[in-house]
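Enquirer: Residues per chain, in single letters:
8 protein chains.
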Amino acid sequence: MNPTYKKLDKNNAAVLLVDHQTGLINLVQDYTPNEFKNNVLAIANVAKYFNLPTILTTSFEDGPNGPLVPELKEMFPNTPYVARPGQINAWDNEDFVKAVKATGKKQLIIAGVVTEVCVAFPALSAIEEGFDVFIVTDASGTFNKDTRDGALMRMVQAGAQPLNWFAVACELHRDWRNDIEGLGTLFSNHIPNYRNLMNSYASRSKQAA
Amino acid sequence: MNPTYKKLDKNNAAVLLVDHQTGLINLVQDYTPNEFKNNVLAIANVAKYFNLPTILTTSFEDGPNGPLVPELKEMFPNTPYVARPGQINAWDNEDFVKAVKATGKKQLIIAGVVTEVCVAFPALSAIEEGFDVFIVTDASGTFNKDTRDGALMRMVQAGAQPLNWFAVACELHRDWRNDIEGLGTLFSNHIPNYRNLMNSYASRSKQAA
Amino acid sequence: MNPTYKKLDKNNAAVLLVDHQTGLINLVQDYTPNEFKNNVLAIANVAKYFNLPTILTTSFEDGPNGPLVPELKEMFPNTPYVARPGQINAWDNEDFVKAVKATGKKQLIIAGVVTEVCVAFPALSAIEEGFDVFIVTDASGTFNKDTRDGALMRMVQAGAQPLNWFAVACELHRDWRNDIEGLGTLFSNHIPNYRNLMNSYASRSKQAA
Amino acid sequence: MNPTYKKLDKNNAAVLLVDHQTGLINLVQDYTPNEFKNNVLAIANVAKYFNLPTILTTSFEDGPNGPLVPELKEMFPNTPYVARPGQINAWDNEDFVKAVKATGKKQLIIAGVVTEVCVAFPALSAIEEGFDVFIVTDASGTFNKDTRDGALMRMVQAGAQPLNWFAVACELHRDWRNDIEGLGTLFSNHIPNYRNLMNSYASRSKQAA
Amino acid sequence: MNPTYKKLDKNNAAVLLVDHQTGLINLVQDYTPNEFKNNVLAIANVAKYFNLPTILTTSFEDGPNGPLVPELKEMFPNTPYVARPGQINAWDNEDFVKAVKATGKKQLIIAGVVTEVCVAFPALSAIEEGFDVFIVTDASGTFNKDTRDGALMRMVQAGAQPLNWFAVACELHRDWRNDIEGLGTLFSNHIPNYRNLMNSYASRSKQAA
Amino acid sequence: MNPTYKKLDKNNAAVLLVDHQTGLINLVQDYTPNEFKNNVLAIANVAKYFNLPTILTTSFEDGPNGPLVPELKEMFPNTPYVARPGQINAWDNEDFVKAVKATGKKQLIIAGVVTEVCVAFPALSAIEEGFDVFIVTDASGTFNKDTRDGALMRMVQAGAQPLNWFAVACELHRDWRNDIEGLGTLFSNHIPNYRNLMNSYASRSKQAA
Amino acid sequence: MNPTYKKLDKNNAAVLLVDHQTGLINLVQDYTPNEFKNNVLAIANVAKYFNLPTILTTSFEDGPNGPLVPELKEMFPNTPYVARPGQINAWDNEDFVKAVKATGKKQLIIAGVVTEVCVAFPALSAIEEGFDVFIVTDASGTFNKDTRDGALMRMVQAGAQPLNWFAVACELHRDWRNDIEGLGTLFSNHIPNYRNLMNSYASRSKQAA
Amino acid sequence: MNPTYKKLDKNNAAVLLVDHQTGLINLVQDYTPNEFKNNVLAIANVAKYFNLPTILTTSFEDGPNGPLVPELKEMFPNTPYVARPGQINAWDNEDFVKAVKATGKKQLIIAGVVTEVCVAFPALSAIEEGFDVFIVTDASGTFNKDTRDGALMRMVQAGAQPLNWFAVACELHRDWRNDIEGLGTLFSNHIPNYRNLMNSYASRSKQAA
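Residue numbers (this note's numbering), protein chains in the order written: chain C, 705 to 913; chain L, 705 to 913; chain R, 705 to 913; chain V, 705 to 913; chain E, 705 to 913; chain H, 705 to 913; chain Y, 705 to 913; chain S, 705 to 913.
Think of the hints as simulated: they come from the structure by calculation, not from any bench.
Any given hint could be a false lead.
Unchecked claim - With a cut-off of at most 35 Å between alpha-carbon atoms, the simulated DSBU-like pairs for lysine-lysine come out as follows:
hint	chain 1	residue 1	chain 2	residue 2
1	S	K809	Y	K849
2	H	K910	S	K777
3	S	K805	E	K714
4	H	K711	L	K849
5	V	K777	V	K714
Said to hold, decoys possible - Far from chain L, some chain S residues (derived; all Cβ distances over 10 Å):
hint	residue
6	N716
7	N755
8	F780
9	P784
10	V801
11	S829
12	K849
Glycine residues also receive a C-beta, built at the ideal position from the N, C-alpha and C atoms.
Isolated chain C (complex conformation) (with noise of 0.2 Å):
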């Protein structure tokens, strides 16, 4: 028997985005910041293109940890929003667990800081229970780069899948005919190059023109 394909499906996907918080995000280091930015604003802008449910969580917001980036909330002003009190491992948390599932999808779509715990603790929680979880590997961050490497190695061996926000977007897309000019404006603002691509490519059209 051949190994199935987990192929990511826009109608059976959810995101969480664990605790993208202000104060443990200047605690990364495994991205620079400009690039862990971008990825994690691409990565929410994914979810939103293809309306995902998205569940935001946070730990200890009113502490030393920080509130969770702004620009998170504004994205998503009527999603589940789970600021536990206490728990590290979000699934640990009921509330955060009966959004999921309130949800009703199977293929679980984790982001998160930092990687070893906020991504790592719920990834192989949510495979305990039957869910099929992919890992965004670049809009995770931690302390250093060793670190995120032990973090993928024990969820993959759990059967986690890594990643890119890119590849989740293309496997969630399917067909650039669905929506080109969505994807593209998707890749555009979060892709310099791929924006590059297009802007020289039109720059030529018009000239043709």
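Please arrange chains L, R, V, E, H, Y and S on chain C, whose structure you already have, making use of the hints.
Expert: Chains L, R, V, E, H, Y and S in isolation, oriented as in the chain C frame:
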């Protein structure tokens, strides 16, 4: 029971070159441009040298992604060439899959741009349908090494085997005596230091003569 | 059947600190000296903080390998301490294994120097005997990163789980409310940027008061 | 006699943005694309914020080099814009030099693509004519870090001073009290971790209120 | 005429610690957090050990930049402490310059955050006024290594001398016999591998006794 | 059932040194030349020290690949030496396989040049025939680290275990008391920092005497 | 007085290619082999394109250093070619210096293997005799990056200017209009991503037509 | 006036090996241990080969710094050996300076551990007294590359010239014909890939014979 060594067989292998387009290649930053160009041409020359059925495909080549690099077009004038109208995963394109199946081969050697999408998606689809998949790691490129590493983990998790173009050539050839000069020329053209070894050797032989 | 999340449980875990000796540590080059010292003291403090049974062992401490670093000795004055007369794999030493089994714990958190020997050998032995093994990647050091990577691959292949000391602490603690101040102090002492977050926060609170 | 500190003076400085074109930027590999985009927009915003005379120039923008990135065009609608018909060194173009001299400034802040040509050539020419030259290192990009390092050595050898955009902003501003909010906004928009500091601070202040 | 060796003299040197604030330090990414913390405390201990006049200064410590790290405050309770109301270059603050000049020293040892601004600006100003400037490279941090490298080039171009804290200590001490134990303790506390050498040595001596 | 710890056993292990030829080694760039030379000689000395049956083989040694490095020839004058007439995979050579099987050992320790071909091919073949395979990662070299990483993934996927030469030696030796001096000499000759530890120790002992 | 911009002048420049021999090039590890080969051929093509007098020289080409790479021989069949009988510094060879002086040029563009010897020695000698020396950094190779960095420091200290081959070409050409197609072809052949820009552009133009 | 090429002259050069002690070398992390050991022995062999007066010195060799590495002692049994009682800068020791001056040489080739102290201090002192100083960069080691880079900047700023041991040997030898075999042996012993070139060459010659 011991694990089988699924080894490349020149009578049972086809090559899929996915989206080596002028625009997309300029997004690649996990290999330096000269290394990458060399590796892509090398795997193409391997395909030609072993007369492996080869399939070319592109994504939106009339847009910013740009045309297939001309060198590949010239090397494979009569091969199936599937300009996909929108499918991101080449395997979602019927013509492409038909072309693959028409080769009658069970081993697929895949290279493409970008690794986590244009390579990983068809690789995972092909595995699901029972093909043995070999990823040409160094002729596949993407935005950065982090993304590549995640993509390889995902593909290896599903059973794909990662090889560089040189290992592909060696595993197909099996024995230098099948054609010393042919293989030597291939290596001389794409491995500068091997070429240097050959030239040092030839020079010394001439002196001695 | 879903894969089980084998998660650290403070009631079922013991810590093994293997060969953190003054001579051997000077061989370590895959972490910078200050990072490594910090990580070793951090995992030791985690062990103390959670009152985990902890076992110290050394290899030939009267020779060039040098004595156990004095800080560890002082932190665990009453813990089993096995100065091995020659066994390279601590698990080959009966006293060590007896001490491990006497804890009655089924989860072993292992750190040591050098990773591919002093950590990997007892880890693989313990797995064979049915223990769940957790490797503290950043409190284990060796000659270079290449060697560490191979060692982790070998241990993960056998089922060991790689974590940094921070993930160990978080997985054991589960909920900040179990003791906010205690965990906070631990992090403040061993994660300078977390300490900075806390001091920024405290300063602002004082201003506001 | 002590060496003079040649310090940027907002009343005596002009900004030259050289060849930030969509095609050329896709050749840049010594900064990641998101970092580079951020840095280029940041120095442009610095120029606007301090009302520094700013000159844009491009090389062959109707060809493969591509158009100026649209963001720069929009930010500086009324600034001198010299589309050079062929001169590689912008200083070899009379209109460009006239525009520079028309500013009446003696300090030139230069950024461009690629560093060793489009930045270094006009920088060396300007030094020869007695200007003080400041290179915005992180808003200038090229093929790889080796090339950048050589280019900086050559320019420093001739007396140019290397700064990142942040140092340029700080040296021009001198004192936060000249406009706390303005400078803060600039930093918040282009230094994600600074923005995080500000948001953590604001959040705590709100709590305290 | 030979170039003079401008060597640190403990009777003629003062230490300036500029903007080691909790918020700003969390922006530093060119050293790992534990290395950086160690280096900052080390140069502070060097200052204390040699009784060098030491001046502390901060920038906007009531805002997002955060307070001076508490350890430094505690180490220097009676030293001049200039909380600058807005000047970015500490040398633009009269109290700071007065404090520097009041020391009567001609050699200034400077460390700070961030390197290209908080260190480079006062360094260049001090050179202009005839001071000999020594940069403590490893107790000065900034956004990334590229920025640091540019900052060092600029300062060296102007005549500043780059040293790590260890070289500062050694150049001030001159001869171990001035106080073997004191210097040894300093090194033991801040160079883990030196501490290991000492502990190995002591252990062997004890054995032999 | 717990996973078995397949551990090296000096009574059941043979060493295969594949294609360490003067030309091929000059292609190696994933280790520096001195490190690589040291590691190759180290594993050879391990083989000799434990009297493990050792098999040498070369590929086309009269051509550009060059002769076996003379040191290996001299160290193993009476060992089977198979100069392959053309087979790329040593396992495709009957004499080689016969020699391997003649040892009667079930554990194969393999090192060679280049990793993804000369090591990986026989490793995968041997696994298929039921041997336990141990890869000496640091005595195997190839074109670059990317290629090595892929090769290790492929071999680990098939069940090979990656070790550096030091782990091989330790796993074979088991207990220092089997021969302290012999093992110590081996380490002293191939691990300069271990030699330094020994010399420091010896010097102190002499002083004390 | 301002520093002069010593700029390459195609009427006053000669190219010295020193010891690009098959054996020596295999010692180079500070550039990857494909990058290095490309850069060497690129500077050779620059020399040909601008009809610069070019001098080839080798060191002991009948021994292990190997012959000049055949491509260079073929490109410059009628150029002075000095096979040095033993002088390590090419400038110590009278024929070589005569050939250099016979060109009547005052600017020397030097590339060679290895950088710190075969490039640095003649560079320093030429500077001493009043020549302006330009080092082609990326067509000069050596054992590792550390060595290269030291060699560049030494040469820059003496007044040599470091450029990559691309900057050499641009500084010689001055204006695209002198020959757009010729320079474009040169870049297309040696900068794969520039070639991609050109092919994207051409493709779009064709579509538009 | 042109800058003089201050070139090493075997009749006017002495070698200073400073503090290559077993303890101190274990602090070195900017070179891998095998590379560093090789480089130190190489420069020592260069000194012997050219019969350069060589001076050994150590710092507190009866303490944790450890004894001089035995290899150096054995190689130079009759050379001046100054065990400094406490001076950190060897130049502060009268015996050392006397020994240096007694050589009558004006060029000093210095290597040592650690670079920023044991090399930089005597280098700067010697320059001040009018010596020409050559730093053997790769036989000098320190805590990390950042520290080395700063140390080299400081020494180059003062006029020291950085060379690797290979450049030292070549600049001293001038012409292979002075002793082909001697120099070849030196290179063969310390540059493994050069040795490979020689062995490939010799093998081919033998075949041809």
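Enquirer: Please write out, lowest number first, the hints stated earlier that are contradicted by the structure.
Expert: none
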